[in-house]
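Colleague: First to last, the sequence lines map onto chains A and B. With our numbering, the residue at position 56 of the first sequence is 56, and numbering never jumps. With our numbering, the residue at position 384 of the second sequence is 1384, and numbering never jumps.
Everything labelled a hint here was simulated from the structure, so no lab data went into it. Only a predicted model underlies this, so the values are computations on that prediction, with no experimental measurement involved. Just so it is clear, CB atoms sit at the ideal spot from N, CA and C, and this is done for glycine as well. It cannot be assumed that every hint is accurate.
Here's a subset of chain B near chain A, in silico, CB distances under 7 Å, partners left out [what the hints assert, rightly or not]: (1) Ile1267; (2) Phe1271; (3) Ile1297; (4) Leu1369; (5) Gln1373; (6) Val1497; (7) Leu1535; (8) Val1536; (9) Ile1539; (10) Gln1543.
With a cut-off of at most 20 Å between alpha-carbon atoms, the simulated SDA-like pairs for lysine to any residue come out as follows [claimed, not checked]: (11) B:Lys1128 with B:Asn1050; (12) B:Lys1531 with B:Leu1521; (13) A:Lys358 with B:Arg1356; (14) A:Lys330 with B:Ala1374; (15) B:Lys1531 with A:Met190; (16) A:Lys358 with A:Leu348; (17) B:Lys1531 with A:Gly194; (18) A:Lys330 with B:Arg1356; (19) A:Lys358 with B:Gly1355; (20) A:Lys330 with B:Gln1373; (21) B:Lys1531 with A:Arg187; (22) B:Lys1265 with B:Ser1218; (23) A:Lys358 with B:Ile1349; (24) B:Lys1531 with A:Gly191; (25) A:Lys330 with B:Ser1377; (26) A:Lys330 with B:Ile1370; (27) A:Lys358 with B:Pro1357; (28) B:Lys1531 with A:Asp189; (29) A:Lys202 with A:Lys330; (30) A:Lys358 with B:Leu1358; (31) B:Lys1531 with A:Phe186; (32) B:Lys1192 with B:Leu1207; (33) B:Lys1186 with B:Arg1216; (34) B:Lys1095 with B:Ala1055.
Here are a few chain B residues that sit away from chain A, every Cβ distance over 10 Å (derived from the structure) [unchecked claim]: (35) Ile1062; (36) Ser1202; (37) Glu1248; (38) Leu1318; (39) Ile1417; (40) Val1423.
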Amino acid sequence: MLNTKIFERSAIGRLLLADKAGSYLLMVLFAAMVLVPLCNLLMPEGSFLHIPTYIVVLLGKYLCYALLALALDLIWGYCGILSLGHGAFFALGGYVMGMHLMRQIGERGVYGNADLPDFMVFLNWTELPWYWYGFDSFFFSMFMVALVPAALAFVFGWLAFRSRVTGVYLSIITQAMTYALLLAFFRNDMGFGGNNGLTDFKDILGFNLQSDVTRCVLFALSALSVMLAYILCRAIVSSKYGRVLVAIRDAESRTRFMGYRVEHFKLFVFVVSAILAGIAGALYVPQVGIINPGEFGPINSIEIVIWVAIGGRGTLFGAVIGAVAVNYAKTYFTGAFPEVWLFMLGALFVISTLYLPKGIVGVVKQLQDRRAERNAPTSQGAQS
Amino acid sequence: MKLTHIDTHAVFRFILFCLVIILPMQSTAAPIATVGQIKIQREDAALLLNELITAKSTVDKINLINLIANSNLPQRVAVLEALQSGDLYYTKKAKQLVYAHSHADGYSAVAVIGNEDLGVVGSRAVRKISINNELRTVLRGVLAEISLRSENTAERLQAAKNLVRSPAAEFLPAIERALVMESDAKVIEALKLAAAMVNLNSDEQVLRLEAIESFRGSLDSDAMSLLAAMQLTDSDGNYLEPDDLVRESAAAVLKQMRSEAKIYKLIENTFFGLSLGSVLLLTAVGLAITFGVMGVINMAHGEMMMLGAYTTYVIQLLMPNYIDYSIIVAIPAAFMVSGLVGIVIERGIIRHLYGRPLETLLATFGVSLILQQAVRSIFSPLNKSVTAPSWLSGSLEINGALSLTYNRLYIIAFSLIVLLLLVFLLKKTFVGLQMRAVTQNRAMANSMGIRTGWVDALTFGLGSGIAGIAGVALSQLTNVGPNLGQSYIIDSFMVVVFGGVGNLFGTFFAAMSLGVANKFLEPFAGAVLAKIFVLVFIILFIQWRPRGLFALKGRSVED
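Generate coordinates for the entire structure from the input sequences, incorporating the hints supplied.
Modeller: Following this line, the structure appears as structure tokens:
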């Protein structure tokens, strides 16, 4: 009794009580976080309840995408900033994590060089470039996972929002940004492994990346991150600050005329979103075991937008649902009918924009409303 | 039998002896060519060539080589080249002259006379026609002279250019004789250059100074490196070129040549930049209509180009015997195909999304994926090659430092024609007037009786059709594949945004300046880094002018 009261009074409790769908989502995530590792580790192989490791990895990947979609929904759904370059922040977080994991390989690389990663030995480099310093430390690396995307988002956003680059123009220059980074990371001279990227990781904090336990822990961490990120985003959008964001989305000039510093609001939410995307990338890399410049591809960034659009823009939980649903469909169709997948994806884009402007969440809500409508007259009729 | 053989042999030797006496006199007194070719009958040819087997002394061989070179034998060049490279042998048994190449089981031999393939013979069955350095020198000169007397001007020019690249004293008589005969200005120029290159190495100061002076005005890179080498010093600080006068005049000429070459390099870079800019213009101008004029973000624009390129490919398959003309047929065909697909997309999808630019972006991106996969399913995911018509290959040579390739020249002209036609259509025709009216004020245009829906479809079709035309041009430059459009879409958006939306002149200016900037950055930064610089520049530029270089002036506010 006392516990529920405390829960109701706490900030998070109030948030979640007002957000029914969100609390269901958190419950599902929490259940997954606990049950999936348990089913993988404790259930004997061949048992009905056993979840094979590759499924755990796959689900972990989906959760990273979900976190990325959440980050995009925060700025697109609530502030109207359509970033077509959010994959860049994801990839940067991934690269930072990859750099740390590269340093962890140490002498176990193909060339057995303790000071240099394999690809640098291959390129005949003699010493570590300065920007690789410090990545031996886990905590420094985790700090950089947030800082690097945040710094790029801050500089880019500060320039763009200050000069009031909005709408389509902003979308196009974010795409240019990720394209420029794609080209840059393809260069061997950049010192990030060029075309092949960073791979061949061995362990993280001394735990073998190939072992089931590490993979389960990474999965649980991903689930936890999505949950925390969801609560953070929900807290942002339901605060007074979030109201201003929605005002900016719906009528930017009017908000400005009312005295709000629109660019400051946008910049803050953009940086938060970039950090979330960076964390998603950092969780993604140890699970898939590779990061290469392909992650910067403009197409990848557009795909993120699709997840959000299909799930339901401006709902937060819709983004999570969309990311998992679209990626599950992608895994299934690329395996079963590789020819059809692009047709499917293309048709999904067209249909979701034409007929499902509010995404899956919107359809569910429409059905609920219709049922409520059907129920409402009968109850009224009963009363009269 | 044997007797007669010896008899003919003896007779021939006598003839040969007479010629050998006459020939050196002639070759010093007058150009060989004026003597005219020595007409030789078929059987004599065999004898003449077989002399190579019996000739033992170097002098005999030199005379024989000169005789063969001046004969009308069809195989003379092949024989002399084989002799030079040491591939000429004779069979010991039949005393037959053969071309032989080493083989695992001996030699694979082909008879010189009659070209009969003798198959593989043992290494002991043949013997090499021996050759020494003196003979090699003679052979080089003789072979050069043969090619300098070719009927074909292009071959003569090539021969002269080869001499420029590898100057040697033994070529000088041949060059001088060729100069007397030559009528083509370009060949004469190359020959003079070759002579000067040879004279530069002579012992006489006057000849060397003359040679250096004759380099003035030419832009040959070999000549420049020779002159530059004269300015070098050895480790003790002494000049490698001891003659002060020669060195100083070389320095003066070199300086002039370098400054001229620099100007031509600048012109060449600008030309490359303009041709790249023309490609950008072609790819962006369709987008300037759909995006700039209509405000539709058409992510399927690249796929419209891809459709145009595939149309070119299909047209070429349909008329394999008229490759040269197929591209002319392909231009209207590609316009129609892409234009119709564009109209279908507009009527089916975009019509429902006006005023929602971000949704349009997503929907058209979906269309682009579908089109790509459709092409992959129909034509296979592999790249197709489109043959370039013959009139597109080759280049216009201005001088040694500057040559403009025809395909680049054509693409510049083509993109300008497309742009001008488009401007004419928009500014001077009734349809264009309607298009401008609808984009400026849809409601007003509608109430004036313009069928806005119809005009929208037409405008979108026009933009898509021009993308199709761009695809025809791209099919000549890159591989035709399902991803053709994707690689250009970002660039085209950059051009339109940089130039200012809704302004064709801005698009033109942006395309050209980005093309030239890219080409001028490339030598310093490399192609990829140059592109990154351009992208970053545009991102920063948008901050400064959020509506592009030539923004339309107006009082509208977005909300």
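Colleague: Against each hint, give a clear statement of whether it holds in the structure.
Modeller: Consistency of the hints with the structure:
1. Checking Ile1267 (chain B) against chain A: minimum C-beta separation of about 29 Å lies over 7 Å; hint violated.
2. Annotation: Phe1271 (chain B) was flagged as interfacial toward chain A, and the flag is violated, the nearest CB pair being 25 Å apart, outside 7 Å.
3. Annotation: Ile1297 (chain B) was flagged as interfacial toward chain A, and the flag holds, the nearest CB pair being 6 Å apart, inside 7 Å.
4. For Leu1369 (chain B), the interface hint holds, the least distance from its beta-carbon to any beta-carbon of chain A being 4 Å, beneath 7 Å.
5. For Gln1373 (chain B), the interface hint holds, the least distance from its beta-carbon to any beta-carbon of chain A being 4 Å, beneath 7 Å.
6. For Val1497 (chain B), the interface hint holds, the least distance from its beta-carbon to any beta-carbon of chain A being 6 Å, beneath 7 Å.
7. A distance limit of 7 Å between C-beta atoms decides the matter here; for Leu1535 (chain B) the minimum to chain A is near 4 Å, and the interface restraint holds.
8. This hint holds: Val1536 (chain B) has a C-beta 6 Å from the nearest C-beta of chain A, less than the 7 Å allowed.
9. Evaluation of the Ile1539 (chain B) hint against chain A yields a held restraint, the C-beta minimum of about 5 Å falling below 7 Å.
10. The beta carbon of Gln1543 (chain B) comes within 4 Å of a beta carbon in chain A, closer than 7 Å, and the hint placing it at the interface holds.
11. A distance of roughly 13 Å separates the Cα atoms of Lys1128 (chain B) and Asn1050 (chain B); the hinted pair therefore holds under the 20 Å criterion.
12. Proximity of Lys1531 (chain B) to Leu1521 (chain B) is assessed by CA-CA distance (about 9 Å); at most 20 Å being required, the pair is judged to hold.
13. The hinted pair formed by Lys358 (chain A) and Arg1356 (chain B) meets the criterion: a straight-line CA distance of about 14 Å does not exceed 20 Å.
14. Taking the CA atoms of Lys330 (chain A) and Ala1374 (chain B), the gap is near 18 Å; set against the 20 Å cutoff, the hint holds.
15. For the suggested pair Lys1531 (chain B) and Met190 (chain A), the alpha carbons sit about 15 Å apart, so the restraint of at most 20 Å is met.
16. This hinted pair checks out: Lys358 (chain A) and Leu348 (chain A) have alpha carbons roughly 13 Å apart, not beyond 20 Å.
17. For the hint pairing Lys1531 (chain B) with Gly194 (chain A), the CA-to-CA distance comes to about 17 Å; that is within 20 Å, so the pair holds.
18. Taken as a hint, the Lys330 (chain A) and Arg1356 (chain B) pair is broken in the structure, with Cα atoms around 27 Å apart against an allowance of 20 Å.
19. Using a Cα cut-off of 20 Å, the hinted pair Lys358 (chain A) and Gly1355 (chain B) holds, with the two alpha carbons roughly 17 Å apart.
20. Proximity of Lys330 (chain A) to Gln1373 (chain B) is assessed by CA-CA distance (about 15 Å); at most 20 Å being required, the pair is judged to hold.
21. A C-alpha spacing of about 12 Å is found between Lys1531 (chain B) and Arg187 (chain A), which places the hinted pair at or below 20 Å, so the restraint holds.
22. The suggested pairing of Lys1265 (chain B) with Ser1218 (chain B) holds, with an alpha-carbon distance near 14 Å, which does not exceed 20 Å.
23. Proposed proximity of Lys358 (chain A) and Ile1349 (chain B) is supported: the alpha carbons are some 17 Å apart, at most 20 Å.
24. For the hint pairing Lys1531 (chain B) with Gly191 (chain A), the CA-to-CA distance comes to about 19 Å; that is within 20 Å, so the pair holds.
25. Distance hint between Lys330 (chain A) and Ser1377 (chain B) is fulfilled; the C-alpha atoms sit about 19 Å from each other, no more than 20 Å.
26. Taking the CA atoms of Lys330 (chain A) and Ile1370 (chain B), the gap is near 15 Å; set against the 20 Å cutoff, the hint holds.
27. Annotation: proposed proximity of Lys358 (chain A) to Pro1357 (chain B) holds, straight-line Cα distance about 16 Å (limit 20 Å).
28. Annotation: proposed proximity of Lys1531 (chain B) to Asp189 (chain A) holds, straight-line Cα distance about 15 Å (limit 20 Å).
29. Of the supplied pair hints, the one linking Lys202 (chain A) and Lys330 (chain A) is violated, its CA atoms being roughly 28 Å apart against a limit of 20 Å.
30. At roughly 14 Å between alpha-carbon atoms, Lys358 (chain A) and Leu1358 (chain B) fall within 20 Å of each other, so this suggested pair holds.
31. A threshold of 20 Å between alpha carbons decides the hint, and for Lys1531 (chain B) with Phe186 (chain A) the separation of about 13 Å falls inside it, so the pair holds.
32. At most 20 Å may separate the alpha-carbon atoms for a hinted pair to count; Lys1192 (chain B) and Leu1207 (chain B) meet this at roughly 13 Å.
33. A threshold of 20 Å between alpha carbons decides the hint, and for Lys1186 (chain B) with Arg1216 (chain B) the separation of about 16 Å falls inside it, so the pair holds.
34. For the given pair, Lys1095 (chain B) sits about 13 Å from Ala1055 (chain B) by alpha-carbon distance, which is consistent with the 20 Å threshold.
35. The claim that Ile1062 (chain B) is not at the interface with chain A holds, since no C-beta of that chain comes within 10 Å of its own (minimum 53 Å).
36. Distance check on Ser1202 (chain B): its Cβ is at least 46 Å (rounded) from any Cβ of chain A, clearing the 10 Å threshold; non-interface status holds.
37. Residue-level check passed: Glu1248 (chain B) sits 43 Å from the nearest beta carbon of chain A, beyond 10 Å.
38. Once the 10 Å rule is applied to beta carbons, Leu1318 (chain B) is consistent with being away from chain A; the minimum gap is 27 Å.
39. With a cut of 10 Å on Cβ distances, Ile1417 (chain B) stays outside the contact zone with chain A, its closest approach being about 28 Å.
40. Distance to chain A confirms Val1423 (chain B) as a non-interface residue, since its nearest Cβ pair spans about 24 Å, more than 10 Å.
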